[in-house]
Amino acid sequence: MNKARSYDAIPTAWGTLARSGAVYILLAAISTAFLLPLAWMLSVSLQDIRGVFAQPFVWIPSHLHWENYADVSELIPLGRYFLNTVLVTVPVLLGTLFSSSLVAYGFSRIRFRGRSALFALCLSTMMLPGQVTMIPLYILFSRLGWIDTLWPLIVPSFFGSPFYIFLLRQFFLTIPREYDEAARLDGAGKFRIYWSIILPMARPALITVALFSFIGTWNDFFTPLIYINSPENATLTLGLNMLKSQIVGTGMTQWHLLMAAACMVMIPNIILFTLGQKYIVKGIAMGGVR
Amino acid sequence: MTRSALTFRQSLDGYAFISPWLIGFLVFTAGPMIASFVISLHSWSMLSPPSWVGLENYQSIITEDPLFPISLWNTGFYVALSVPLTIAVGLALAILLHNKLPGMSFFRTMVFLPSIMNIIAVSVLWLWIFNPEFGLLNSFLRWGGIDGPLWLQSETWAKPSLVVMSLWGVGGTTIIFLAALQGIPPELHEAAELDGAGPARRFFHITIPMISPAIFFSSIMGVIGSFQVFAQVFVMTGGAQSGSEGGPNNATLFLVLYLYKKAFQEFRMGYASALAWILFFIILAFTVLQTRLSKSRVYYESHR
Numbered sequence: 001m002n003k004a005r006s007y008d009a010i011p012t013a014w015g016t017l018a019r020s021g022a023v024y025i026l027l028a029a030i031s032t033a034f035l036l037p038l039a040w041m042l043s044v045s046l047q048d049i050r051g052v053f054a055q056p057f058v059w060i061p062s063h064l065h066w067e068n069y070a071d072v073s074e075l076i077p078l079g080r081y082f083l084n085t086v087l088v089t090v091p092v093l094l095g096t097l098f099s100s101s102l103v104a105y106g107f108s109r110i111r112f113r114g115r116s117a118l119f120a121l122c123l124s125t126m127m128l129p130g131q132v133t134m135i136p137l138y139i140l141f142s143r144l145g146w147i148d149t150l151w152p153l154i155v156p157s158f159f160g161s162p163f164y165i166f167l168l169r170q171f172f173l174t175i176p177r178e179y180d181e182a183a184r185l186d187g188a189g190k191f192r193i194y195w196s197i198i199l200p201m202a203r204p205a206l207i208t209v210a211l212f213s214f215i216g217t218w219n220d221f222f223t224p225l226i227y228i229n230s231p232e233n234a235t236l237t238l239g240l241n242m243l244k245s246q247i248v249g250t251g252m253t254q255w256h257l258l259m260a261a262a263c264m265v266m267i268p269n270i271i272l273f274t275l276g277q278k279y280i281v282k283g284i285a286m287g288g289v290r
Numbered sequence: 001m002t003r004s005a006l007t008f009r010q011s012l013d014g015y016a017f018i019s020p021w022l023i024g025f026l027v028f029t030a031g032p033m034i035a036s037f038v039i040s041l042h043s044w045s046m047l048s049p050p051s052w053v054g055l056e057n058y059q060s061i062i063t064e065d066p067l068f069p070i071s072l073w074n075t076g077f078y079v080a081l082s083v084p085l086t087i088a089v090g091l092a093l094a095i096l097l098h099n100k101l102p103g104m105s106f107f108r109t110m111v112f113l114p115s116i117m118n119i120i121a122v123s124v125l126w127l128w129i130f131n132p133e134f135g136l137l138n139s140f141l142r143w144g145g146i147d148g149p150l151w152l153q154s155e156t157w158a159k160p161s162l163v164v165m166s167l168w169g170v171g172g173t174t175i176i177f178l179a180a181l182q183g184i185p186p187e188l189h190e191a192a193e194l195d196g197a198g199p200a201r202r203f204f205h206i207t208i209p210m211i212s213p214a215i216f217f218s219s220i221m222g223v224i225g226s227f228q229v230f231a232q233v234f235v236m237t238g239g240a241q242s243g244s245e246g247g248p249n250n251a252t253l254f255l256v257l258y259l260y261k262k263a264f265q266e267f268r269m270g271y272a273s274a275l276a277w278i279l280f281f282i283i284l285a286f287t288v289l290q291t292r293l294s295k296s297r298v299y300y301e302s303h304r
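One line per chain: the protein sequences are A and B, in this order. Residue numbering for the first sequence follows the working numbering, beginning at 1 and increasing consecutively. Residue numbering for the second sequence follows the working numbering, beginning at 1 and increasing consecutively.
Derived by calculation from the structure, the hints in this document are not laboratory data. Glycine is no exception: its CB is placed at the ideal position from the N, C-alpha and C atoms. Check the hints yourself; a few may be wrong.
[Stated by the list, open to error] A few chain B residues that face chain A, going by a derived Cβ cut-off under 8 angstroms, partial list only:
no. : residue
1   : Ser-11
2   : Asp-13
3   : Gly-14
4   : Thr-29
5   : Pro-32
6   : Ala-35
7   : Ala-121
8   : Leu-125
9   : Phe-134
10  : Asn-138
11  : Ser-139
12  : Val-235
13  : Trp-277
14  : Leu-279
15  : Phe-281
16  : Ile-283
[What the hints assert, rightly or not] Quick list of in silico lysine-lysine cross-link-like pairs, BS3-like style, CA-CA up to 30 angstroms:
no. : chain 1 : residue 1 : chain 2 : residue 2
17  : A       : Lys-278   : B       : Lys-100
18  : A       : Lys-190   : A       : Lys-282
19  : A       : Lys-190   : B       : Lys-295
20  : B       : Lys-295   : A       : Lys-282
Work out the full structure, taking the sequences as your base and the hints as a guide.
This is how it looks when you write it as C-alpha cells:
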C-alpha cells in the first residue's frame, strides 16, 4: 500500500506524459476497432462482386462502384420503404412528444390522489416484456382491421411512453415553480402553464425525447415484423431483412448490394447522431443516473 | 369543505393530464395482460374457437417440450455472458474516456456511434463480418496466423458471436458510466489521496460505490433487454421462413425467437402466451433478486 502511494504521490512531468501517451494509444486502438466494421461496410458497398470475394480483400477498390446504391432499388423498393418509415416515424414523434410531456406535467406539477402509486405503476410497466401483451394486442388490432397497415405502429405512441414520461418529469422538476406561480397570478390555467411555460423551458429534454423516439422507431423491427405482411407496406428494417433473405436465402452473393442498402438505412442514424449527440448523451445519462 | 372541493378539482386536473397514459395503460397493457393470461389457459390457433386446457400449456412447456429447456439455456448463456461483459467493458471504456485530455469527445463519439445504429443494418453487417471465409473477423485472424472458427455457423461459437456483436454496442452503457464518473466530486478523491489511499483503493472504495447506482441500473436494464434479444438473432441465424430452426443445432434458439415461432409461424397462441408469462416471471425474478442484492450492497457501503 505504501508502494502504491509513493508511485501516486510523485507525479513527474514525464510520468504524466507517458500516462497520457498510453491513454491516447489505447483509445486510438479502441476507436479504430469500433469504427472498422463501419469502414468495412462502406468498402464492401463500393466493390463489384469480384471485389467482395477478393482474397486478400482490397479496402479501397481501384474503381468505386457508387452505382451499387442505385442498383439496390432494382431489388427492393427502397424509396417506398423509406416513405413508409417516415409515415410512421413522424406521427410517432409528435404523438410521443405531446402525450408523454402532458403526462409528465401531470405527474410533476399537480398533486392528486394516488399520484405516487400511479407513477410507480407507470415506471414498473417498463419492466414488462412486450411479448406478454403481444398476442392480445395482435388480436385487438386485427379486430380493428389494422393488420398490414401502419396504424399499430403509430397509435400506441399517442398514449405516453413510461421512459419518456420519466425523463420529462425529471426535467420538469428542475424548473422552478415560481414560473408557474407567476403565470397563475396572470390568470393562466394549468394547460396554458404546461403549453406556454413548461414546454418552451423544457426544450432540451423534448429534443432528447424526440431523438430517442425517432431512433427507436426508425430501428424498430419487432412491431412491423408482426403487423406488416405485404412488401409494399414494409418499413426500412423489414425491407432490409427481406433483401437479406432474398440474397442470403437464395444463395445469391450480392453482398455489395446488401451492404449498400445497410449503409443507406444507417445514414439517418448517423445524421441525427451528429446533430444531436449532446442531447442523446444527456438523456442517457439522465436515465441511467437516478 | 372548500379544501376538499379543491383537492377533488386538483385530482380531476391531475387525472386529465395523465389520462393519455392511464387510458393507454388500461387498453395496451393491463387489459392485454389479463387477456394474455386467459389465452394462456386455452389451446387456440385463431382459426377455430379457443378450447380451455387449464394449466396444460405451462405443464407441457416445463415438463415435455424439448425445445424450451434449450431456448432457456441459450438465453441464460447469452445473458450471463453479455450483461457482465457489457458492464465491465463499458466501465473500462468510461474510465479511459474520463481522462481530462484534449480530444476525448472524439473518442467518445467513436465508441458511442455504433450503439445507436439500426439493429437490422448492424445484423446484416455482422452477418458478413462473421462469414468464415470472406468476413472481416477471420480475415484478420488469418492475417495473424490463426484459423478462425465458423462463428455463427458453429454450435459452439454462435452465441459468443452474438455477444461479441452486442459488445460493439456498448457505447450506451459507457455513456451512463461516464456521466456517473463525472458526477463524483473530485474532493472525495483528493481527500482519500491525502489520507494515503492508492489508485486501487480509491477505485474500490470511492469510484465503485459512487457509481453503484449506474451499475445497478445498467445491470437491471441489461438483464431485461438481453432476455428479450430477438432482432439480431432473427436476422442472423433464426429467420428461416420454415421450420423451428434457431441457428446450428438450435444453438441460437432464444426464448423470444421460440415464442415468436410458436405464435406467428405455428399459430399456437395459448402456448405462446404461456411462454410469454414464463419469460415475464423469469425477468421479474431476476429484477427482484438484483434489487435485493443491490440494496444490501448500498446499505453496506453507506454504513462503512
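Hints versus structure:
no.	hint	result
1	Ser-11	holds (4 angstroms)
2	Asp-13	holds (5 angstroms)
3	Gly-14	holds (3 angstroms)
4	Thr-29	holds (6 angstroms)
5	Pro-32	holds (4 angstroms)
6	Ala-35	holds (4 angstroms)
7	Ala-121	holds (4 angstroms)
8	Leu-125	holds (5 angstroms)
9	Phe-134	holds (6 angstroms)
10	Asn-138	violated (11 angstroms)
11	Ser-139	holds (6 angstroms)
12	Val-235	holds (6 angstroms)
13	Trp-277	holds (7 angstroms)
14	Leu-279	holds (6 angstroms)
15	Phe-281	violated (10 angstroms)
16	Ile-283	holds (6 angstroms)
17	A:Lys-278 x B:Lys-100	holds (18 angstroms)
18	A:Lys-190 x A:Lys-282	holds (28 angstroms)
19	A:Lys-190 x B:Lys-295	violated (39 angstroms)
20	B:Lys-295 x A:Lys-282	holds (26 angstroms)
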